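Student: If you're matching them up, the sequences are chains A and B in order. According to the working numbering, the first sequence is numbered sequentially starting from 1. According to the working numbering, the second sequence is numbered sequentially starting from 1.
No lab work stands behind these hints: they were computed from the structure. There's no promise every hint is true.
In this list, chains with the same sequence are indistinguishable; a pair is considered to hold if it fits within one copy or across any two.
[As the list claims (entries may be wrong)] Result set (DSBU-like, lysine-lysine): computed pairs, CA atoms no more than 35 Å apart in a straight line:
id	residue 1	residue 2
1	LYS50	LYS8
2	LYS138	LYS24
3	LYS50	LYS153
4	LYS208	LYS226
5	LYS149	LYS208
6	LYS186	LYS117
7	LYS297	LYS48
8	LYS264	LYS297
Keep in mind the model is a prediction, meaning the values are calculated, not measured.
One letter stands for each residue in the lines below.
Protein chains: 2
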Amino acid sequence: MSTLSLLKKLAVLAVRVGANVQKKQLVVVRCSTISAVLARLIVAECYKAKASNVIVQWRDEYVSKESLKHMDSQSLVEVPQYVIDQNKYYIDNNACFINIVSTIPGINDSVKSSRIKAFSEASMKHLSFLQNHTMSNKAQWTIVAYPNKVWAKKVFPNDSANVALKKLQEAILNASRVYENNDPIKDWEIHNNNLTKYNQTMNNYNFKELHFENSIGTSLVVGLVKDHIWCGGGEHSTKGVYFNPNIPTEETFTMPDKNRINGKVYSTKPLDYQGKLIEDFYLEFKDGKVINFDAKKERESLENLLNTDEGSRSLGEVALISYDSPINNTGILFYNTLFDENASCHLAIGRAYPMNIKRGVESSIEELKVRGYNYSNVHVDFMFGSRDMSIKGVTWDNEEIEIFRNGNFLF
Amino acid sequence: MSTLSLLKKLAVLAVRVGANVQKKQLVVVRCSTISAVLARLIVAECYKAKASNVIVQWRDEYVSKESLKHMDSQSLVEVPQYVIDQNKYYIDNNACFINIVSTIPGINDSVKSSRIKAFSEASMKHLSFLQNHTMSNKAQWTIVAYPNKVWAKKVFPNDSANVALKKLQEAILNASRVYENNDPIKDWEIHNNNLTKYNQTMNNYNFKELHFENSIGTSLVVGLVKDHIWCGGGEHSTKGVYFNPNIPTEETFTMPDKNRINGKVYSTKPLDYQGKLIEDFYLEFKDGKVINFDAKKERESLENLLNTDEGSRSLGEVALISYDSPINNTGILFYNTLFDENASCHLAIGRAYPMNIKRGVESSIEELKVRGYNYSNVHVDFMFGSRDMSIKGVTWDNEEIEIFRNGNFLF
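Same shape as in the complex, but just chain A (with noise of 0.2 Å):
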């Protein structure tokens, strides 16, 4: 089979069971000019399922970085009315989202990290009501990957740029379950309906919080609030659309309370936060809100991270992953959060999903934070899993279960 049939069946993927596109609806795909193979091939998977119209919104990152450089103090934290009105168009049609990555690790490594800070706060601060509303469900969206050079030469260092490139995209291409012979629709109902077995195994238990340790340092207690749901593979907008918001996803996930976690947790492998690679960090938390933390490359990035707002002290999502998941045992760090995310346990620094609380995304963001649910203009996950990890959940009993040991979970 050609590379190019494969990338059909990720875009058949993308459009179908991601965003699942609706017919007569608005599409906005959001990608790097890098990604313009499989933009295409989305686009016209698109109007295969009769969307209205398609709007395709590129960046490049190499623009970008030159931007964030050079540009003036005052274009640096300005973002014009006509931005803010093409993302309020985008809610006002009802559109749905698909977003193509095709990281560039480190892309950003010579921007200063005050410039970057300054810009990502001018641009939260006037569109964080398009992350409100993704994040609320109110419009399917989905996030696929792309391969480029830079990025496969990252993961794949001793190999030549076309063999790294060949190998990232049949990672990528396996990771979102598209090979030669299958059907991805419906292994993708099959693998929802696995994960939907995990959600209903941990809404029974109704833990109060969990207890994670490792021999590397993290001992972690992360309380969940009252009512809390968890959520993995597929969700319904609130306009009862079902759909996958990540390709791949092998997570299960919650809301912690943002009043409750205490310990500190050590990172196990690199983020890339605007185009910045932070490594080797730990936090330290007291009643939900970071008191410490130190990172050995980035630091600065990983503070501002921290810094953004009062939420970003604070998390937002617990996910379980086992050690020994599909993602983690090729053995691949993928520098790139969608894939390493989804083969280690994580947390999210930031905001929390409404869906993951009874009642959530019909409440307002007020009611919401009485009952412990955690805001911001941020939403990281770090990973933080490894092969010793042991879990442990406690019920509101006082009731001890072991969750994982030896980094998988027992059931």
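Position chain B relative to chain A; hints supplied.
Tutor: Relative to chain A, chain B alone:
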């Protein structure tokens, strides 16, 4: 010298000589995803010229084709307010414009002409203010070219894609006066001075009309407006910044009188209009209006062009280029107007440039119309120069001056 080094020279030329980006000026780069390599170089050069900010407005011809074919009828003719506001933002912030063309000849062959017509009419209706702005030299603007494999194979059909691409790249660079060992900025200074001499000679004659004759059937009288100005090479924006709208440019051109064009003109090169290649066509004029036309290929596209509005039945430009011109002597048919128009005498269907008449840029459209200025939402150049073209100028004293013999300027 590497390809990248030559492209960097082209980028410098586009920024310094083409748009002549000013300190603290906003720059808008408009280009296709397939021109990303040149776009990135241009962005870097803009910042070296101390641009305040560079906004790249990306498009993708393959995505556009899919949308033209399949989006619903409402989306086809909708220009959202944010798109209009985006272009107003550029004007309000005194942006200059760098356009990169990388044509894909005939890409829209499979799209119904009626759909292209509906789409472009809506676009012209809502966005003509931007064309007014640039065509009146209210801001600097320029067009440069970048090759692609599809275009290259059309130009060099007997070569492999890679060889063709290399040849087209060299042809583009040479036509743009970018060579391994030259200083393009100096060479453009000399070139602009040469074109100025042609302009002056023609201005001194102050012709009433031009008579075109050749053996393939062209027999055309083009009246020129009183107080017309011959332009070519660099121009001044209304803010006094010298810039070069086209890279390359070889023409000297002026304003026809929209009421005094009579006779028949035959095209001598294909015309790439809205992704369709119109070939072997003629136009017959009476008192400034096309009263008859035909084309061997894409007649419907030609018809749609002529029927755009009142002004698209008349002419907005007459341009003179010797048959023995640098670009024509390469023997290459580029299937792209930026190059082919600079290898041949040409006319433009539609709107005229206000700078081609005395006190033009400070006059209103209504004032200009009275003086013979043609207004339209389109400005489409087509080529009619030939090896045996003869051109005579007739002065207001009815003196006849021979301007072209056997396709070439006599002075």
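Student: A separate judgement is required for each hint: does it hold in the structure or not?
Tutor: Hint check:
In the homo-oligomer, the alpha carbons of LYS50 and LYS8 lie at most 35 Å apart inside one protomer (17 Å), although the nearest pairing across protomers, at 43 Å, exceeds that limit. Taking CA atoms no more than 35 Å apart as the test, LYS138 paired with LYS24 passes inside one copy only; the shortest distance there is 17 Å, against 41 Å between copies. For the identical chains of this complex, LYS50 and LYS153 are inter-copy neighbours only, at 34 Å across copies versus 38 Å inside a copy, given an alpha-carbon limit of 35 Å. With identical chains, the CA atoms of LYS208 and LYS226 are at most 35 Å apart within one copy only, with a shortest distance of 7 Å there and 88 Å across copies.
For a Cα distance limit of 35 Å, the shortest separation of LYS149 from LYS208 qualifies neither inside one copy, at 45 Å, nor across copies, at 61 Å. With identical chains, the CA atoms of LYS186 and LYS117 are never at most 35 Å apart, being 43 Å at best within one copy and 42 Å at best between copies. Taking the closest pair of Cα atoms, LYS297 and LYS48 come within 35 Å of each other only across two copies (30 Å); inside a single copy the shortest separation is 46 Å, beyond that limit. In this homomeric assembly, LYS264 and LYS297 come within 35 Å of each other (Cα to Cα) only inside a single copy, at 18 Å, whereas the closest approach across copies is 73 Å.
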